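> The primary structure of each chain is shown beneath.
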Amino acid sequence: MNYIALKMLMGDRGKYLGIVMGLTFASLIMTQQPAIFVGLMARSFSFISDVGLPDIWVMDPKVQFVDDIKPLQDTELYRVRGVEGVDWAMPLYKGMIKARLYDGTFQTCNVTGLDDTTLIGGPPVMLKGKLEDLRRSDGVIVDIDGARDKLAKKPTVNGGKPVPLDVGDTLELNDRRAVVVGIAKNTRTFQSQPIIYTTYSRAMLYAPRERKLLSFVLVKAKPGEDIARLVQRIRDSTGLAAYTQDEFKTLTVNYFLKNTGIPINFGISVLLGFIVGAAIAGQTFYNFTLENLRQFGVLKAMGTSNWVLLRMILLQAVLVGSIGYGMGVGLTALFGYAMRNTILAFKFPWQLLVFSATGVTLIVAFAALISIRKVIKLEPAVVFKG
Amino acid sequence: MTTPELAVKCRQLLKTYDTGDQKITALQGIDLDVHLGELMMLVGPSGCGKTTLISVIAGILDQDSGQCDVLGVDWLQLSSKNKLLFRAQNIGFVFQAYNLLPTLTAAENVAVPLIINGLKRQLAVRKAAELLEKVGLAKRAESLPSQLSGGQQQRVAIARALVHNPRLIVCDEPTSALDHQTGIHVIELLKSVAVASDRALIIVTHDARIFDYADRIAKMDDGRIDSVTVVTQHPQFNKEVENVT
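Top to bottom, those sequences are chains Y and H.
Here the first sequence is numbered in the working numbering, starting from 1 and rising by one per residue.
Here the second sequence is numbered in the working numbering, starting from 1 and rising by one per residue.
Derived from the structure by calculation, the hints contain no laboratory data.
Just so we're clear, the structure is a prediction, and the values are computed from it rather than from any experiment.
Glycine residues also receive a C-beta, built at the ideal position from the N, C-alpha and C atoms.
Treat the hints with care, as some may be off.
Unchecked claim - Selected chain Y positions facing chain H (in silico; Cβ < 7 Å): (1) 2; (2) 3; (3) 5; (4) 7; (5) 8; (6) 82; (7) 97; (8) 269; (9) 271; (10) 293; (11) 301; (12) 381; (13) 384.
Use the sequences and the hints to build the structure in full.
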């Protein structure tokens with residue numbers, strides 16, 4: 001009977017494609033939009049991920065997310081270093097500084113100042129030059145996306161492409177000369193500003209005059225040290241906020257979730273995708289069953305049980321659901337692949353596959369349920385009506 | 001239990017339909033016997049209860065009261081599951097609108113009752129193709145219903161009704177959608193391949209052209225059997241029934 005069910009389904013190509021397309025659309029929207037959302041949210045803490053090495057981030061207790069800089073006094077660094085269980089603690093500067101480009105225009109950049117000695121907190125991947133080149137006079141490292149885009153030089157010919165900033169080029173940061181000594185690959189950040197790395201001491205020179213300039217203290221726990229306990233110890237002994245990497249990421253994401261309209265906007269898109277998908281697929285599948293009601297009646301009259309008919313409808317629903325889901329997810333993956341080198345935020349974790357599978361299952365279950373009800377209630381005597 | 005010679009035994013069958021405001025009595029105490037080896041035709045004006053009667057006889061509609069034994073079994077005594085099983089094994093259907101599954105080939109359509117009875121698809125289709133040969137459609141086994149003429153579709157439907165070797169075949173207006181010549185061919189085919197000593201045929205029809213092929217004709221009116229006539233003993237019955245319809 002499974003074969004008959006499948007032939008009934010696929011025999012009417014138009015309807016079959018209609019149902020599959022409806023589910024594909026629903027699946028696509030339910031994966032593509034959340035993937036962009038997750039991508040955006042991941043960008044909000046990409047800086048934390050890129051710094052990577054430290055176990056604990058120490059900061060002002062009022063800090064709400066990674067870009068919400070509330071500077072500390074430099075002496076806080078030494079207080080943190082004094083906490084029992086701390087292997088090392090390094091300063092990190094993070095701030096927005098205007099860069100004057102070679103043609104006189106200005107571009108706000110995200111400047112990161114690394115500990116002069118260890119250079120801890122540097123970019124994850126160096127494309128040109130070496131991290132140690134930061135020790136050269138006026139040396140800065142620029143991220144590739146910024147170098148290609150916002151910091152790029154004007155085209156040499158009219159209508160040509162902008163020329164990416166490269167090693168050896170110069171900038172001005174707060175009226176001070178900065179020489180590009182390296183190009184790095186970073187994870188894109190939420191703000192999408194160019195990222196410039198330099199040493200902590202040089203960042204102090206670039207940054208506008210302020211009494212306090214230390215943004216974060218990066219801490220590594222001693223081997224075997226319980227991180228959670230160390231976090232608590234730092235909090236207790238310094239009065240500062242201390243978070244593990246994951247806690248700091250969560251703090252940042254939660255800030256964006258609570259204080260921006262992003263989740264609501266994406267939530268509406270996903271909900272609309274679900275509703276439209278359910279309406280199209282549900283309606284088409286229901287119509288398909290209605291049009292085949294007579295055939296189901298014939299099968300019933302010939303001795304097919306309700307249970308077998310139910311199995312046939314479920315098989316049809318599962319098949320269109322699986323194909324629609326696969327195509328939707330495939331299209332989303334293709335979309336992500338095509339956009340991998342663009343500014344678009346896109347992250348496709350396995351949880352999204354589960355989420356959209358649940359959505360498609362709900363749609364298919366709904367469509368099958370209303371159809372099954374009709375078939376179960378069908379009187380086989382309908383076959384004798386002309 | 002009925003005697004073995006009887007394929008169908010109906011006694012005081014009563015069936016009413018509730019249409020909300022009013023009750024319509026479709027069968028008002030029907031008494032009818034159909035013997036094995038017999039071709040019985042049910043005739044009468046529209047709305048007289050013919051279709052309701054064969055629906056009850058075929059076990060796809062329950063009567064309100066009265067008794068309907070088919071092949072010695074009282075439908076009302078069977079559980080739903082056994083009813084389905086009994087129907088699948090013992091009843092064949094031929095419909096006015098053919099009711100072939102449009103996306104299955106002729107052979108696959110014929111194979112459906114065998115598949116319902118649990119036979120493997122490949123074997124069922126092979127057996128179906130053999131039967132299609134009997135009804136003269138060997139070359140159209142792979143055709144879809146839409147690629148067949150009305151007469152060919154009805155021949156496929158007849159093959160489908162016969163393929164599982166049922167002991168009772170109910171036909172609802174099998175020739176009324178066909179032209180004269182095709183209708184005659186179809187009834188001749190039914191008579192030649194379906195009638196057997198261990199099987200009974202009940203045909204509901206308005207089509208006076210085929211009355212001569214019946215062994216007996218039961219004339220219905222207003223939910224009752226008016227008369228049952230043995231055709232061979234009453235050659236003029238055709239004209240009488242024609243006037244009624």
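> A separate judgement is required for each hint: does it hold in the structure or not?
Status of the hints after comparison with the structure:
no., hint, result
1, 2, "violated (9 Å)"
2, 3, "holds (5 Å)"
3, 5, "violated (10 Å)"
4, 7, "holds (5 Å)"
5, 8, "holds (6 Å)"
6, 82, "violated (80 Å)"
7, 97, "violated (69 Å)"
8, 269, "violated (37 Å)"
9, 271, "violated (36 Å)"
10, 293, "violated (12 Å)"
11, 301, "holds (5 Å)"
12, 381, "holds (4 Å)"
13, 384, "holds (5 Å)"
When held up to the earlier numbered hints, the structure conflicts with 1, 3, 6, 7, 8, 9, 10 and fits the remainder.
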